[in-house]
Structure formats: C-alpha cells, structure tokens
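Chemist: Make a model of the complete structure from these sequences and hints.
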Amino acid sequence: MHTADQTEISTRVLALLEKRFGDTVLSLAPDADLSDALPGFDSLAALEYVTAVESEFDFEVDFVGDDVRYWFSTLVRTSEYVRERVEDQAA
Amino acid sequence: MTYDMRQGSSGVVSGDSDLWCTYAAVRTLSWLERTGDLPSPETVGGFLASRQNSDGGYAWSAGMSSDAWATYYCTQAMADLPDGSRGAVGSPSSAWVWGTAHEDGGFAMMPGQSSDVWATYYAVRTLVEICGERPPEALFDWLAALQAEDGGLAWSPAHAKDGASDARACYYAITAWSTATGGQGPLPWDRERLTGWLRDRQSAAGGFTFQAGDGTDCLWATFRAVSALRRLDENPRDAEGCVAWIRDRLLPGGSFTRWPGYPVPDVWAAFCGVGALRELGAGLADIADPVVEAVLSFRTGQGGFTYRTPGLASDVLTTSAHLLAGHFSGGGERDALRWVEGCVMPNEHGVMYMPGRGSEVRCTLWALSAGAFQDDAQGRARIADWLASSIQNPDGGFGYWEGRASDMVSTSAAAEILHRTGGSPAAASLRGIAAYVATCETAPGQYANVPGGRPTLRATLQALRALHRSDGSDGSDGARVGDVLARHRVRGGGFANEGNRVPDLLSTYEAVVAADTFGLEWDTGHLTKFLDSVRTADAGFAWTPLMATSGGPLADCLGRRLELRLSPAQHALPPLALS
Numbered sequence: 001m002h003t004a005d006q007t008e009i010s011t012r013v014l015a016l017l018e019k020r021f022g023d024t025v026l027s028l029a030p031d032a033d034l035s036d037a038l039p040g041f042d043s044l045a046a047l048e049y050v051t052a053v054e055s056e057f058d059f060e061v062d063f064v065g066d067d068v069r070y071w072f073s074t075l076v077r078t079s080e081y082v083r084e085r086v087e088d089q090a091a
Numbered sequence: 001m002t003y004d005m006r007q008g009s010s011g012v013v014s015g016d017s018d019l020w021c022t023y024a025a026v027r028t029l030s031w032l033e034r035t036g037d038l039p040s041p042e043t044v045g046g047f048l049a050s051r052q053n054s055d056g057g058y059a060w061s062a063g064m065s066s067d068a069w070a071t072y073y074c075t076q077a078m079a080d081l082p083d084g085s086r087g088a089v090g091s092p093s094s095a096w097v098w099g100t101a102h103e104d105g106g107f108a109m110m111p112g113q114s115s116d117v118w119a120t121y122y123a124v125r126t127l128v129e130i131c132g133e134r135p136p137e138a139l140f141d142w143l144a145a146l147q148a149e150d151g152g153l154a155w156s157p158a159h160a161k162d163g164a165s166d167a168r169a170c171y172y173a174i175t176a177w178s179t180a181t182g183g184q185g186p187l188p189w190d191r192e193r194l195t196g197w198l199r200d201r202q203s204a205a206g207g208f209t210f211q212a213g214d215g216t217d218c219l220w221a222t223f224r225a226v227s228a229l230r231r232l233d234e235n236p237r238d239a240e241g242c243v244a245w246i247r248d249r250l251l252p253g254g255s256f257t258r259w260p261g262y263p264v265p266d267v268w269a270a271f272c273g274v275g276a277l278r279e280l281g282a283g284l285a286d287i288a289d290p291v292v293e294a295v296l297s298f299r300t301g302q303g304g305f306t307y308r309t310p311g312l313a314s315d316v317l318t319t320s321a322h323l324l325a326g327h328f329s330g331g332g333e334r335d336a337l338r339w340v341e342g343c344v345m346p347n348e349h350g351v352m353y354m355p356g357r358g359s360e361v362r363c364t365l366w367a368l369s370a371g372a373f374q375d376d377a378q379g380r381a382r383i384a385d386w387l388a389s390s391i392q393n394p395d396g397g398f399g400y401w402e403g404r405a406s407d408m409v410s411t412s413a414a415a416e417i418l419h420r421t422g423g424s425p426a427a428a429s430l431r432g433i434a435a436y437v438a439t440c441e442t443a444p445g446q447y448a449n450v451p452g453g454r455p456t457l458r459a460t461l462q463a464l465r466a467l468h469r470s471d472g473s474d475g476s477d478g479a480r481v482g483d484v485l486a487r488h489r490v491r492g493g494g495f496a497n498e499g500n501r502v503p504d505l506l507s508t509y510e511a512v513v514a515a516d517t518f519g520l521e522w523d524t525g526h527l528t529k530f531l532d533s534v535r536t537a538d539a540g541f542a543w544t545p546l547m548a549t550s551g552g553p554l555a556d557c558l559g560r561r562l563e564l565r566l567s568p569a570q571h572a573l574p575p576l577a578l579s
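Chains as they are written, first to last, in UniProt numbering: chain C, 1 to 91; chain E, 1 to 579.
Quick caveat, the hints were computed from the structure, so don't treat them as lab data. Nothing false has been slipped in among the hints.
Some chain C residues flagged as far from chain E (calculated, every beta-carbon gap over 10 Å):
| hint | residue |
| --- | --- |
| 1 | K19 |
| 2 | F21 |
| 3 | A29 |
Which residues of chain E face chain C? A partial, calculated answer using Cβ under 10 Å:
| hint | residue |
| --- | --- |
| 4 | S50 |
| 5 | N53 |
| 6 | G492 |
| 7 | G494 |
| 8 | D504 |
| 9 | K529 |
| 10 | A542 |
| 11 | M547 |
| 12 | G551 |
Think of the CB as a built atom: it goes at the ideal place given N, C-alpha and C, for glycine as much as any other residue.
Modeler: Okay, here's the thing in structure tokens:
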C-alpha cells in the first residue's frame, strides 16, 4: 500500500475517534496511548473503537489472537494494523 | 471484632471513590450550606458524570448497567454542586427513568424488573426534582397498596401482603408521595395507623429501629423514621430524646457514628445525623464546622468520596478478593477475616460492602468464599436465616439488598450461600428460587438477568446453577450448559457474554465454574490462551483483552483463581457472582 493510503487510513481512524470523543482527538499525538490521552477511554470505549474500525474497513478482529490491546492502543498502531489487514484482504 | 481492629481497619483498601459515599458527602455539605467548601467541585462533577451510560442512565460503577438508585444519586449530587461544576443532566436521564416505569404504577430499578419502593422513590425524585416532570397518576394506587396490616409500609404490594413493614420503606413511599404532590394531595394510607407504626419504632433510649423486633437503634433508621414523620407533619413521641440520642452519636473529632458501640465515624452517619437533626428542627450551627471537616477528609484522589479516611476505607469485596487470591500470610489473613466478619449491621446478618451499609447478597458470598465464618456455625446459621426470613422476595428471587427487586446475579449468589450454609430454612428458600428463575427464561435454556431482559451467557449459567442448587433442575441442565458454552465460546480463547466474539474475564470465569459444577470437560489450552490475553505487565489481569492495565483487585482475583484451577493441584473455583 502506498504512503497516501496510509495517510487516508489514519484520517479515517481519527474520524472514528473524533465521532466518539469530539474535538479532544484533534490534538492527539499519533503515538499517544489512547487510554491515557482520551478521558473515558475505558474497556467499553475500547470495544466501541475496535468495532467501529471493523465496520469502517470491513474486516473482523480476532480479539484474542490479534493482541488488540497493543494494536488498538495508539492511532499509529491502529493505522498500521488496518493497513496490514487491508493488504491481506487484497492479496 | 475488637475496637482497635475497627478503628485501624485490617481489611484492604481499594482507594476508589464510591457513588453512594459521594452522594452522601455532597448532600450533607448542601444541607449545611457548605458546598462552597469543596476544594475542587469540578472533580466531583467529573466523577459523577463518569457514571453515565450511553443509555442516559447512571451506574454504580463503570461498566455496570444503569439503575434508578445510581441515576438519582448522580443527578441529585450534581444538582447540589455549585454552579459551574455540574455535569450535564437532561432529557437522556429522564427518558431512561421513564423506561423503568411499570404498568402497575411503580418503578423498577432497571427495565424489566418488578417495581419496588426503593426504585419508585429514586425515579419519582429524579423525574420531579431533577427533570421537572410529573409521575403517572397510577403511582398513587401503587403506593396505597404498600400499607401492611400492622400499619407500616412495605417494599412492594406483595411484601405488604406478607406484612414486612420497614422504616426505610415508609420513608421512601411517603417521600415519593410528598414529592409527587407537594405534600398537598390526599394521603393514600391510613394516617393514624402509619404514624403509630412509625412512632412505635422509637426506643426508650430515643433512637429508632427499622423493623418491629429489631434490638439495636441506629442512626440510619432514626433519620428515615423522623424524615417520614416530618413529611406527614408529625413528630416522634419523644422528639427531645431523639435529638439527644442523635447528638450522643457525635464524636469529639467531628462526625457521627452509626449506633451505640460502633466507634468509626463515616459519611453515611454524617448524612443521617445532619439530615435527622435538620428534620427535627434542631440547631446545626455548633456542629457544622467539625462535620464539614470530617466529611472533606473522606475525599479520594479520584475526585469523589469514600466512607471514611481513604487510607483506612477497607471494603469487603476488595478484602475478600485479596484473601481468595492468597495475598495474605499468617496473622494478616486471620485479621482480615475477622474484619470482614465484623461488617455486619445490628439486626441484619448478611455481610455488607462497607461497614455501616446494608447487608448485600453478593458481598456475603464473596466473604464466605474467602473463609469468613468458616469456624462459626452460629454466624453461618444467622446468614441463612437472614436470607430465608428477611430478604427473599415474594417472587422467590433475591435482590442486592433487602427490599430491592430480584435479579439473577443476586439470586444465584443466594442459592450458593444457602447451599453452603444449609439447614431447613435454607431448603425452603431454595425451593422458591426456581419460581423466580422461570420468570427470567427468554427461550428454552436461555435466561436474562431480570424478567424481560436480554439473554446472556452469564445470566443463563447463573440460572442453571441456581436451579441445580435449588434442586429445580429437570436433569437436562448439564446438556443446556454445554449448549450455551458452545454458543458463546470464542474461537481464540475464553467466552463472551453476548455472541461469541469478545471474550471477558467474568464470563470466562462463570463458564469454567458452570462446567465444573455440571461435570463437563473443558479445554485447558483454550483457557490458557485467554488468560495470556488478559494478563498484564504487573502480573494482574484485565477484564478484557482490550485493556492493557489490571482491572483491579476483583479482576486480579478471578484471573489468579483461574490460574490455580489450571495448576496441577486443580484448585476448585469458588462460585463467585459479580454482575
């Protein structure tokens, strides 16, 4: 996938967070830990985040095998995870 | 328990703010017109707002379902905070409350449950005082049906038929009527008999008890009784004696204690003491400063309050969790158990979450599982009697505490306690449980937490275990457990409460307990993979694979017990219920 696609993925992931957490996410550093940076990012919010990403990019996450707490802990990791999954689907 | 053990506390402290304590603290400061003394009211507002769920209601703890109790406490406490520090309260909460309205005119704690007077009181106050709305006209017929033959009021119309009057039920019902009518409408009860029943709860010493036959006056009962009388424009028979008894509960250091002989001042005692003196028209000026100082000392770092000085605010669930996880050694374990065994109110023999609070079924099960009352046959018999004679609801089920409508978590916990404590009262109560469980069946072999709720893995397994304990099973329950486990088994490891995609620690624990109870085989590799996904860097456990940090002592306890189940010794899992 090209760099432009990675940027587009990040933008779409950020939009999902913005929908749930509002303007707070606009100042979010790409490598900031979401549970520290976003007030209210508890286990329920994390679940909503993962399912929103699934819906947006049309794939299913394996909640045990995929180490979700690592891949969905920051914006940049989530985008990387999404990129790999999208590539897998395209292969 | 010794005086020193109570004063110093030998239990374990969670350090968390508690909603009930936060409400009591803010309300007490409000009555004293001292909310301006709160150093950072916005942090209190932040704590309260964090309890709101996406359905518009509020929950006791993050992650729990909304209920009327938490919704009133949160919205009222926020309304009491100074301007500028309140969270947003509006129509979403009102809509949620209307979702608990029952066609019989009462309100339920949560949608689907039966009406009870606790929930009706909370719902009516939230609707009228917070949201500026009117309750339904049918409310008054429902309230009228609460009067029992002895003249007092009971938890529900069904309880009234059984004659179970209580000073708290009187207060909640009378206040609901007073709130709905401004105290001006026709009284739905026989005034003389009701007033007489309430006045009869006062002892010669001046304080009140909750129920006929109780032996020890307490400040909580005194506050509820004098408040109920006040709303009827009545007074206790001995108002001066009552004021003197309340003031005797005040310690030199600045706050109230709950009953004679109990040495620890706490936030609910401050709430009850100030509230009762206020209702009696007694002066508060001379005690305001020390009470405010004491209450403010109960703040936690999270922004809310706990029940006493945070460093000593042990609670039963956290202490039991540490005991069950094997974190104590030597004398520490013994002292912690003795502390837990002391968390019992006079006149009410279950174990409470925090000292001075009403006894709760889940906490009692955790305490017993941790070893409390193991060498005390009389203590276990008193618990069985408390369950069988005081808090089992007319529908056969159990709620969190006395008078609260039934739910599956509490009913399952009660079944386990009764099974453990044994005796003839237990046998009779166990037979009643099957009737309640049947009302929660949504489809063959599928159960919800309350009648009309959604079926879930945990509610289904709790129901089947409760039936098993009550001997109400039909012989096919083992197969039903196998079916539901298969439906909720997550491919990568663990079990999900809904569907089969997102596993969680509590559901996985419940799944293994149920499988063991019914003698079903399960896959150790599947459990190991799940535990690996929730184990955290500090050797704790998260509630789900989504979180990187420990879910706290309760999660760490459940994870540790599952590890012990996997160990060569295959330690049995205690049948704990949480939600």
